[in-house]
Structures are given as C-alpha cells and as structure tokens.
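Enquirer: Residue strings, one per chain:
There are 2 protein chains.
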Amino acid sequence: MSEIRYNRLKNKWVIISIERSRRPHDYPVSVYEESSDVSKCPFEYGNEDKTPPEIFAIRPDGSLPNTPGWKVRVVPNKYPALRIENSNLPESEGIYDKYGGFGAHEVIIETPEHFKHIQDFSIEEYKNMYFTFRERMRALYQDIRIKYVHIFKNHGKEAGKSLVHSHSQLIATPIIPTLPDTQINQSRIYFQEKERCLLCDEIKEEIKSYNRVVYENDLFIAYCPYASLYPFEVRIAPKYHSHDFSMIDENQLLKLSEISQVVIKKLHKALVNPPFNMILHTSPPIRDYPAKPLYYNGIDRFYHWFIEILPRITTLAGFELGTDIYINPTIPEDAAKFLREVI
Amino acid sequence: MSEIRYNRLKNKWVIISIERSRRPHDYPVSVYEESSDVSKCPFEYGNEDKTPPEIFAIRPDGSLPNTPGWKVRVVPNKYPALRIENSNLPESEGIYDKYGGFGAHEVIIETPEHFKHIQDFSIEEYKNMYFTFRERMRALYQDIRIKYVHIFKNHGKEAGKSLVHSHSQLIATPIIPTLPDTQINQSRIYFQEKERCLLCDEIKEEIKSYNRVVYENDLFIAYCPYASLYPFEVRIAPKYHSHDFSMIDENQLLKLSEISQVVIKKLHKALVNPPFNMILHTSPPIRDYPAKPLYYNGIDRFYHWFIEILPRITTLAGFELGTDIYINPTIPEDAAKFLREVI
Chain X
24 MSEIRYNRLK
34 NKWVIISIER
44 SRRPHDYPVS
54 VYEESSDVSK
64 CPFEYGNEDK
74 TPPEIFAIRP
84 DGSLPNTPGW
94 KVRVVPNKYP
104 ALRIENSNLP
114 ESEGIYDKYG
124 GFGAHEVIIE
134 TPEHFKHIQD
144 FSIEEYKNMY
154 FTFRERMRAL
164 YQDIRIKYVH
174 IFKNHGKEAG
184 KSLVHSHSQL
194 IATPIIPTLP
204 DTQINQSRIY
214 FQEKERCLLC
224 DEIKEEIKSY
234 NRVVYENDLF
244 IAYCPYASLY
254 PFEVRIAPKY
264 HSHDFSMIDE
274 NQLLKLSEIS
284 QVVIKKLHKA
294 LVNPPFNMIL
304 HTSPPIRDYP
314 AKPLYYNGID
324 RFYHWFIEIL
334 PRITTLAGFE
344 LGTDIYINPT
354 IPEDAAKFLR
364 EVI
Chain V
24 MSEIRYNRLK
34 NKWVIISIER
44 SRRPHDYPVS
54 VYEESSDVSK
64 CPFEYGNEDK
74 TPPEIFAIRP
84 DGSLPNTPGW
94 KVRVVPNKYP
104 ALRIENSNLP
114 ESEGIYDKYG
124 GFGAHEVIIE
134 TPEHFKHIQD
144 FSIEEYKNMY
154 FTFRERMRAL
164 YQDIRIKYVH
174 IFKNHGKEAG
184 KSLVHSHSQL
194 IATPIIPTLP
204 DTQINQSRIY
214 FQEKERCLLC
224 DEIKEEIKSY
234 NRVVYENDLF
244 IAYCPYASLY
254 PFEVRIAPKY
264 HSHDFSMIDE
274 NQLLKLSEIS
284 QVVIKKLHKA
294 LVNPPFNMIL
304 HTSPPIRDYP
314 AKPLYYNGID
324 RFYHWFIEIL
334 PRITTLAGFE
344 LGTDIYINPT
354 IPEDAAKFLR
364 EVI
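Respectively, the protein sequence lines represent chains X and V. For the first sequence, the positions run 24 to 366 when the working numbering is used. For the second sequence, the positions run 24 to 366 when the working numbering is used.
A few of these clues could be false.
Which copy? The list can't say, so a pair holds if one copy fits it or any two copies do.
[As the list claims (entries may be wrong)] Okay, derived cross-link-like pairs now, DMTMM-like style, lysine to aspartate or glutamate, Cα gap no bigger than 20 Å in a straight line:
no. : residue 1 : residue 2
1   : K292      : E239
2   : K101      : E114
3   : K139      : D241
4   : K121      : E356
5   : K63       : E42
6   : K73       : E343
7   : K262      : E42
8   : K217      : E116
9   : K33       : E228
10  : K227      : E116
11  : K227      : D120
12  : K180      : D84
13  : K150      : D224
14  : K292      : D49
15  : K278      : E67
16  : K121      : D224
17  : K231      : D120
18  : K262      : E273
19  : K33       : D347
20  : K139      : D120
21  : K360      : E26
22  : K262      : E364
23  : K33       : D204
24  : K121      : E228
25  : K101      : E77
26  : K292      : E281
27  : K227      : E147
Just so you know, these hints were derived from the structure itself, not from any lab.
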C-alpha cells in the first residue's frame, strides 16, 4: 500500500510507491519497450485483456468495452502510484506526517496505432485526446476526496516514457500538489494587488511585444515564457480568461487542437524529435467543501489554465536540484524566433 | 551577459545563460569528455594554463600558483552562469522582473588524478575538499552583494557531470535561492511553534527508531529521510546544532570526512557506481544588512546545515515536473537497511 509522506523541511510531498517497490538491483530502471514487440504491446487492438478493464473509451462504431474499435481508451495503470481503495486520511508516524495512498492513476491511450506519435496526430486525434482529458476530469471531480487531477504526457525515454505506444497519464491526488498550489497562490497575490489575472496580463504583454510568440489563432496563443525554466519551453494558453480546463467547449477544443498540432510539429522539426513532457495546469474543482483552502475563494477570477511543453534536452543537475533555480542556456526570445520561423 | 529572470507564476528564478547560449542544433548537450583524452584535460598537472587563473589552492609543497604541486585547485568556470562583473541590481523588462547576472561560478578540482573518483578518495582527500568549501564560502561571504553560496557535485553523466575529472562547483547568487529559502522558512515556522530546531528533532527521532539510519560517528549521522524525494537518498548532518557549514572546525571536518567516505562507498557498492548529486545546504551569512529578509533573524537557532546525496537512478517525468510531488519507488526504511548492511 502506497503512502504520501510529507517532507517538512522542503515542504514537499512524496509518494512512497510500494506497488513499484524496487531494490538496488532493480536500478537503473529501463523498461522502454522495443518497437518490434508490437504483438506484446498491451495498447494494441486485440490486446485489451492485457490491461485492467477500461474506464472510458471513444467508440464511434458502438463496439463493446474491452474489444477493438476504440479511438481513445482509458484504463487504470497496472502499477498505480495511488489507488482509490487506499485511505485518504492523514496519519502520524513518530514525529512525521503522511496520508494513505488514496487517489487514481489512469493511462489514456490516445491512438490504437503503435507507431503513431503525437507529432503525427491529426486535428481529430488531438481533439479526441483533449476531449478525453476533459471527460475524465469532470468524472473524477465528482469524488469529493479528490482535490486535484494532474494530466501529463511523457514523450521519449529521457522524459520518463516507459512504453513506446503513445499515451498520457492522469494522477488524481487527495492533496493539492505543491506546484499548482504555488501557481494559484502567486496568481491570487497578483490579483489582490491589481484586480487583474496574472496570465491575462502576461498574454497581453506577449501580444504587444510579440518577441516570444510562437503561434496564435483566434482563441489560443503559444509563447516561450519570459523566464522559461527549460530551453524551448512553450506555453499554450487560452486568450480568453478561464480558470478551469474542464469547462472547455467543442469549438475551444478544436482551436486548442489546431495550435497544439502546429506547436508540436515545430518543436519536432526544430529540435529533431526531442523528448518532452506536456503538462496540463488547471484549477482544482470549486466546491462547497471545508477542506478546500480558504484562499482559493474567487479562483475563477484570478487563475488561468494552460498547457506547457518542456523539452528535456538538458540535464537537471546539482544546481537546479539544490536551489530550485534553473539555468536555461537558450534565450526565450531566440527560441521563439526560431520556432516562429520553422514551417 | 547573463540575466536572472523571475518566473512570477511559479515563484522561481531562472538564469538565462548567454555565455552558454545554445541554438537548436546544439542540443542534446553531450560534452562528456572521453577518459582517454587525459592530455587534453584542463584539470591535469601541467595543464594549469588551460583554465582561468586559480583563485585558491592547497599546495603543501609551497609551489607557485598555476603550476603543478597542488592537492585541490579552485578556478573560475570557463563558461560561467554568473559573473562578478555583472550588475546585481533589479530591473524591469515590460511587466517582467529580473536581476543582472551578478555572481560567481567556480570549479573546485578535488584531485590532480584524472581517474580518481570520489568513491576512492582517502579521508585526507575528503578533508581537503571540505576545507576548500569552507574557505571559499568564508571568502565569498565578505562580499555583501552575495546572498548565498551553493556548493554541489555532479557525479556521473546522468547527474549532469560534463568533464570526467573529479570536481565540485560553487555558484554564488545575488538572491537567496528558492529551495534554501523554503527550508529556512519551514525551519523557522517549526521553531516558532516548538522552540526547537526541526533537524535536531528529526535526528533525535532517527536515532530513537534507528530504522532509517545508515551510519553514524560521534559527531555526524547519515540517514535516509522519512520522505526522501529520491530512492536511496542519504542525508549527512551534524548531531550537534549548527546553522552554518562555514563555522566547521578541524575535528568536525575530520569526522565529516570519515562519514562521507563510508556513505559514498556504501552507495557505490549497493547501486554499482550510481550517478548522483551531492549538495551542501547551509545558512546564508548573518549580516547587519537591510536586504537580508527580516524573518531570517535568529537563523542560528532554528536552521541546521546538512549534506544530501541524491542518486539519479530514476527519471523525473511529467508528474514530478508538473506537481513538484515526487514518486519514490524504494521505501526509505528498506534503502537504509540495505545500505547499513553493505560493508
């Protein structure tokens, strides 16, 4: 049974994952599946019984669950970091603090095609992927024990991908994670002073100067943030104010798919198929529930969801790990110019 | 000229490093020197002119600066992230905030022997290394523009090491970095409530339960923290209360060297030469200087320096990068038991 332990000194949480427990000889972890093993891949048509039973699927042909015919398929992770059966209660252990390993860990299989990667997705495939994100988020937020749903994609081995077949992951936690909490709090502080949304102001500034813009359409903008943590980091955000990704509508899904396709293709070409993490940052659900931090009141006015793409072409070393200051060896304005000019 | 940009949303600082500026075709960075190129290594006896002039050296034979004969040699980094010549003043850029790239970036060459790595260091070599850390820290804290001195070692390519020859690095910053600031603040909050040092209490608990202790001598303890972020993470801390590494005396240096040698040898054996980062966490200097945050008052009572060793045998992926929650697949109690039993 997993646990979520609190590191008081660093103010960080750690999931001690018993399901994945490893002894010294199990390292370094290298489970990257060979491309040739298609028949063994649990994400292929006909191999639906090699995963736990599906939670959700897009099946335009009306096919039965756990059979071929799906476009996108969501299944529980076979080695989950967190489980819905575990306790969500805080406990002590000596002087230390922890939660039980409550939560959810799902895999979103974005395509039945083994060799199709995100840089080759059609607009329709992007739209199915984002639609699935929205549906899973809406469903999980019905459970009031879940405080946050984090959705991300690891692309390439150096970005932590363990199976070749294209997929995203969803981890739902009984706590609001540190980084979303920091982002929410920073946005709140800014709003308290200016009565304006921090990201709305940033987007306005980016459109004005235009030297960090990578691409835009009528609803979304893609830009390299002024203080990008990673070289060629790109943020995709709605130009309209919205705190919660799960409120996205059909037309917005379409426009998000279009800009995502353009940006991923540009990165793929400019950096020659770089490994990257794609991360969705959004609001926790708004509920009349006492455990929600009080300072989240009004979050719909001050927070703004976004997607970030973090190329993993440098190594985080002792400076970054010890200070939480990042060294970025590519000027964001140069990165944006380069990506703008790549067709 | 480098800049230190503020990422308001994430409350993080980013060094935009112009000296190391890279265009897309410069990635992925792979400058790991071949072991065979000893004659070209700038850290060899006789190659002293291949580095900038030395800042400090241990020369028991009284040899001249920038000649052979040294045991430890400190030189400026040839491609510094920060420079002492740059501005340390805050500036604006549109709606954004930055500092000039003021600071220092030094390389501590711990041995003249090209093929000698830290797992093979004698106690005397550890002592020379830590003595040098102390001397550089004391010297740099004389400059009131420097707010923090961060010293770290990258061991192995996956931990970010770029030259084979054993060395540590020192980066001095005009701001107090995020993670040290968080650790200081968390220790302060704990002290305000209990009037006790957080790490002193942790060490007491660890000695009582003993299930996370790796090794101890009369002055130091090595243990796997309760909420270790990384598998087989080890913290080495003084059993006596001390907020500032730079106050360490000769006998303490000796005992720190002894425990470090034992712990590194154990990790080397248990995980078969794992890549790791070794990081020194200590107090900023105490000064009567208005820029020091007021809430650092009394830091000598509530903060406690320590060294951490972070094995890099797992990959940080979209979950860690997006939430700042870590997944650790080895239970710290199991890691400690294993390391205790390795001879």
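Enquirer: Please go over all the hints and tell whether each is borne out by the structure.
Expert: Each hint tested on the structure:
no.: 1; hint: K292 with E239; result: within (18 Å within a copy, 53 Å between copies)
no.: 2; hint: K101 with E114; result: neither (26 Å within a copy, 50 Å between copies)
no.: 3; hint: K139 with D241; result: neither (28 Å within a copy, 59 Å between copies)
no.: 4; hint: K121 with E356; result: between (43 Å within a copy, 15 Å between copies)
no.: 5; hint: K63 with E42; result: neither (22 Å within a copy, 48 Å between copies)
no.: 6; hint: K73 with E343; result: neither (39 Å within a copy, 27 Å between copies)
no.: 7; hint: K262 with E42; result: neither (41 Å within a copy, 34 Å between copies)
no.: 8; hint: K217 with E116; result: between (43 Å within a copy, 18 Å between copies)
no.: 9; hint: K33 with E228; result: between (34 Å within a copy, 18 Å between copies)
no.: 10; hint: K227 with E116; result: between (49 Å within a copy, 14 Å between copies)
no.: 11; hint: K227 with D120; result: between (43 Å within a copy, 16 Å between copies)
no.: 12; hint: K180 with D84; result: neither (34 Å within a copy, 50 Å between copies)
no.: 13; hint: K150 with D224; result: neither (28 Å within a copy, 52 Å between copies)
no.: 14; hint: K292 with D49; result: between (35 Å within a copy, 14 Å between copies)
no.: 15; hint: K278 with E67; result: neither (29 Å within a copy, 58 Å between copies)
no.: 16; hint: K121 with D224; result: between (38 Å within a copy, 17 Å between copies)
no.: 17; hint: K231 with D120; result: between (48 Å within a copy, 17 Å between copies)
no.: 18; hint: K262 with E273; result: within (16 Å within a copy, 60 Å between copies)
no.: 19; hint: K33 with D347; result: both (11 Å within a copy, 11 Å between copies)
no.: 20; hint: K139 with D120; result: neither (44 Å within a copy, 42 Å between copies)
no.: 21; hint: K360 with E26; result: between (45 Å within a copy, 19 Å between copies)
no.: 22; hint: K262 with E364; result: neither (22 Å within a copy, 58 Å between copies)
no.: 23; hint: K33 with D204; result: both (15 Å within a copy, 9 Å between copies)
no.: 24; hint: K121 with E228; result: between (42 Å within a copy, 16 Å between copies)
no.: 25; hint: K101 with E77; result: within (12 Å within a copy, 55 Å between copies)
no.: 26; hint: K292 with E281; result: within (17 Å within a copy, 51 Å between copies)
no.: 27; hint: K227 with E147; result: neither (30 Å within a copy, 59 Å between copies)
In this structure, the hints that do not hold are numbers 2, 3, 5, 6, 7, 12, 13, 15, 20, 22 and 27, in rising order.
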